[in-house]
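Let the sequences and hints guide you as you build the complete structure.
If you want the building blocks of each chain, they are given just below.
There are 2 protein chains.
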Amino acid sequence: MRADTTWVELPNSRYPILFETGSLSNRASAPNPLKEFVGESVLIVSNQTIADRYAAPLVDMLSGLKVDLHLIPEGEVHKTLGELERIIETLLRAGHTRETSLIALGGGVVGDMTGFAAAIYQRGVPFIQIPTTLLAQVDSSVGGKTAVNHLLGKNMIGAFHQPEAVLIDVGVLRSLPVKEFAAGMAEVVKHALLADADYLTWLEAHIDAIKALDSTVLTEMVRKSCEIKSRIVAADEKEKGQRALLNLGHTFGHAIETLVGYGEILHGEAVAIGTVMAATLSSRHGLIHADEVTRIESLLQAFNLPTRVQQPISVDAFLTAMGRDKKATAHGLRFILLKALGEAVVVSEFDEQHLNAVLSESLSG
Amino acid sequence: MRADTTWVELPNSRYPILFETGSLSNRASAPNPLKEFVGESVLIVSNQTIADRYAAPLVDMLSGLKVDLHLIPEGEVHKTLGELERIIETLLRAGHTRETSLIALGGGVVGDMTGFAAAIYQRGVPFIQIPTTLLAQVDSSVGGKTAVNHLLGKNMIGAFHQPEAVLIDVGVLRSLPVKEFAAGMAEVVKHALLADADYLTWLEAHIDAIKALDSTVLTEMVRKSCEIKSRIVAADEKEKGQRALLNLGHTFGHAIETLVGYGEILHGEAVAIGTVMAATLSSRHGLIHADEVTRIESLLQAFNLPTRVQQPISVDAFLTAMGRDKKATAHGLRFILLKALGEAVVVSEFDEQHLNAVLSESLSG
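Keeping their order, the protein sequence lines are chains R and Z. Using our numbering, you'd call the opening residue of the first sequence number 47 and step up by one each time. Using our numbering, you'd call the opening residue of the second sequence number 47 and step up by one each time.
Mixed in with the good hints there might be a few duds.
Treat identical chains as interchangeable: a pair holds within one or across any two.
[Claimed, not checked] Straight line, CA to CA, 20 angstroms or less: simulated EDC-like cross-link-like pairs of lysine to aspartate or glutamate:
| no. | residue 1 | residue 2 |
| --- | --- | --- |
| 1 | K200 | E120 |
| 2 | K284 | E210 |
| 3 | K200 | E131 |
| 4 | K112 | E210 |
| 5 | K284 | E145 |
| 6 | K225 | E310 |
| 7 | K286 | E210 |
| 8 | K286 | E145 |
| 9 | K200 | E310 |
| 10 | K385 | D244 |
| 11 | K200 | E145 |
| 12 | K225 | E407 |
| 13 | K200 | E135 |
| 14 | K286 | E86 |
Simulated from the structure, these hints should not be mistaken for laboratory data.
If you want it as structure tokens, here you go:
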């Protein structure tokens, strides 16, 4: 059992990320690390697969409280207002008051929906994140972004709602499918690229330990990623400026997800391809060297990530899909480019020819 | 044309209430008072009746901007997540980005839904309130509470989201049905009762002018009410403590609405009855004198408000309905009682016998 805490400091609040390896994965009996963060009743929101594995140890951890469980169907396609209303209905039917807490036990879909349900149930109740995928541990656990999808666009309906605490047990990653672990690594590589060249070198040096799921190395990695994200979010909680840097690879990535279809490609896989596209665009603008693009591509490939689309995508369809991305401003597209490995920048003026060249090249499959 | 401004000061923000008599009701051509508060595109949300009267002058006022209009069906029963999703769909189909603004043109239902849509569209965009009912002018325009109903309870899904500005034209009250004007007066009397004995006396002295819809008197009244609400909200933006005082008459009122049925009784009418019930309970606890209850009842009646239920309601059903009120805490019911005319207090310990006596008496029809 390893206990350790990183604090996310925001302008008007702060919350801890509790690293407790074994707390769920080994059913380690220990003092409830969530004790001070929950009220007298709790609704755990999860999906069947995760609940089968970890609901029991979590319920044990919360013994003494009124605990209810709500399962949502798996997959991004179910991240809808309709499913959200079912969570609200469970809360109302089971008589949860404003003093209740929600706990998100699962990956990004569970976290986004639980956080949003907590944001709007009776105009806001507290919630706790227990991310069970690597992507959720390094990405969704910091930032307070919650949302559901609309048929016309991803994450179009949501709120900023910070958790009371995040509990991370890297031991749960042992039961994560290899493909999903890889998808999480796309965000980890992104963090290094946009903010910390040393971290990039560290990742390159620890490829084997990371892939072998060494607990100590994974905890260090998740913590480094959370710290980077946390610094950026603290400077820009409501995503007005600097936080846009976190969207490195995402303008392209979201368009890929939209066109390939949610469920056909993992978010992290789309981000990996989008990151290479952003790096290539950066290189075409003379910001980074072509060798550095190759270095990024190699690292992503080392973590079993795709770096190109599998099937060709039409450039026109892609441009349309990007136009609907919510990070687009009314004035046109903007991109996050790399000035160097470890330093990203928001660019709203760019060379259309370079963009078209990158799209033709990268979308040919 | 009369221009005047009251500022609502909150811990982290402030916004103006602009009193501009004639701006909509006389189609008075004047500089756009909303100019500095809107971006480059606007979605006006309203209903058919209000839009027929005031959409044209509002669109004139906003000339030069991209302006879209979304109509919602009239009535509290349509304040649902489903109707909310339609507003979101209009925003997406018309290509509104994060730089858009929403304008609520209508009464409480329009204000609640538009504010909530603004709170969650792309995780939050600005909105402006143009309340066209007295209730909305004195109540919804200050406070930032937005919500939709769930079949299992009123306002169970929502957010705190403050407007950028509120535009009030008391001239629009001339086209308001008499019954709805009266409903608004219930909140006005409530404001006087809970915070300002002088205001109560002022109201008693201006009954005729108020009922004659004298613009100067109405503007003064709306401003006084907004100032009282604004002071209370400023001290307690997220409704953790003092703000509960604004619920005077509402724990009873909501139960009446639930049991009589939304649409069968106006919110303000239920609040008027609930206020008399709260006053009677205060008197039974020896806090105020029975004569003062009569004084309250007379004032409400002078404004054509009901002070008793029309049909008998069962005490048991009423208690159950109150238990589901979201202002109830897990520990039991709490009431807002009057310590004096002009001073309210939150009470969670009270005499069950007194409560039962008040319920039996007041709910007998």
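Hint-by-hint comparison with the structure:
1. K200 / E120: within (16 angstroms within a copy, 30 angstroms between copies)
2. K284 / E210: both (17 angstroms within a copy, 16 angstroms between copies)
3. K200 / E131: The answer is both: 18 angstroms in one copy and 14 angstroms across copies each meet 20 angstroms.
4. K112 / E210: within (19 angstroms within a copy, 40 angstroms between copies)
5. K284 / E145: For K284 and E145, only the inter-copy Cα distance (14 angstroms) is at most 20 angstroms; the intra-copy one is 26 angstroms.
6. K225 / E310: within (13 angstroms within a copy, 56 angstroms between copies)
7. K286 / E210: Cα proximity of K286 and E210: across copies only (17 angstroms, versus 23 angstroms in one copy).
8. K286 / E145: between (31 angstroms within a copy, 11 angstroms between copies)
9. K200 / E310: within (15 angstroms within a copy, 39 angstroms between copies)
10. K385 / D244: Result: close within a single copy only, 16 angstroms intra versus 65 angstroms inter.
11. K200 / E145: between (31 angstroms within a copy, 18 angstroms between copies)
12. K225 / E407: Neither, since 25 angstroms and 67 angstroms both go past 20 angstroms.
13. K200 / E135: So K200 and E135 pass the 20 angstroms test across copies only (13 angstroms; inside, 24 angstroms).
14. K286 / E86: between (36 angstroms within a copy, 17 angstroms between copies)
The structure is inconsistent with hint 12 alone, although it conforms to all the rest.
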